[in-house]
Amino acid sequence: MAETDEALAGMSPELVGVLVEELGSSSRRHRQDVSRRIAEVAKADPELLAPHVGALVEALYKPEAQTRWQVLDALTTLAPTHAAEVAEGFDGAEASLFDDGSAMVRLAAFLFLCALGATSPELSDQAWPLLDEAIQCYHGDAEYHDMLVGLLGLARGDASDATKKALVGRVSFDSKNGSGYIRQLSADILAACK
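Per the numbering used here, the very first residue in the sequence shown carries number 63; after that it's consecutive.
Hints may be right or wrong, so weigh each one.
[Stated by the list, open to error] Label-pair restraints from in silico Cβ distances:
1) F235 x A204: 19 to 29 angstroms
2) R91 x N239: 44 to 54 angstroms
3) G231 x S164: 27 to 37 angstroms
4) S88 x C199: 25 to 35 angstroms
[Claimed, not checked] DSS-like cross-link-like pairs, simulated, lysine-lysine; straight-line CA separation at most 30 angstroms:
5) K105 x K124
6) K256 x K227
7) K256 x K238
8) K227 x K238
For the record, the hints were derived by calculation from the structure and aren't laboratory data.
By construction, the Cβ of each residue, glycine as well, lies at the ideal position given by its N, Cα and C atoms.
Whole structure, please, built from the sequences with the hints as guidance.
Spelled out as structure tokens, the structure:
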């Protein structure tokens with residue numbers, strides 16, 4: 063991990079630009095390696111990726127799951143400060159949200175849509191129908207805990223009153239009748255929507 067931190071500490075905007083360009087490589091394996099490095103950059107200094115949102119959005123249509131989930135993770139880190147730009151990734155995230163082959167891609171898309179929806183009432187209204195459908199599809203799946211954490215972020219953000227009302231309707235049952243983390247996080251979401 064320390065080696066990764068050191069490598070990222072010396073990452074210049076120019077090197078990040080070269081890295082992002084390599085998402086267009088014809089090699090699946092190379093795109094996966096590049097996307098992993100981009101996800102590391104996003105965690106260390108997301109602003110280095112801000113000038114490259116368009117290329118990141120294009121990468122959401124690559125066939126391999128790893129590239130898509132790591133690019134979605136990078137876009138998620140940019141959503142709070144660059145919502146208008148990363149909103150261009152909405153369609154790519156929607157396609158990934160219901161990916162039959164990868165729970166990681168589905169979760170990354172869900173968390174991206176939650177983070178994007180938390181930035182404005184309009185974006186929350188756009189994201190909510192997809193999030194609601196995903197909640198119904200994946201309720202209780204292994205990634206459901208992280209989905210609820212994403213919904214808590216949406217509830218605490220700048221979501222519209224209509225989205226918050228719909229969210230309350232969706233998690234109310236689990237806040238009373240669920241068990242374990244489902245009950246607790248559902249109750250936390252309800253409290254955040256008040």
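So which of the earlier hints does this model not fit? none
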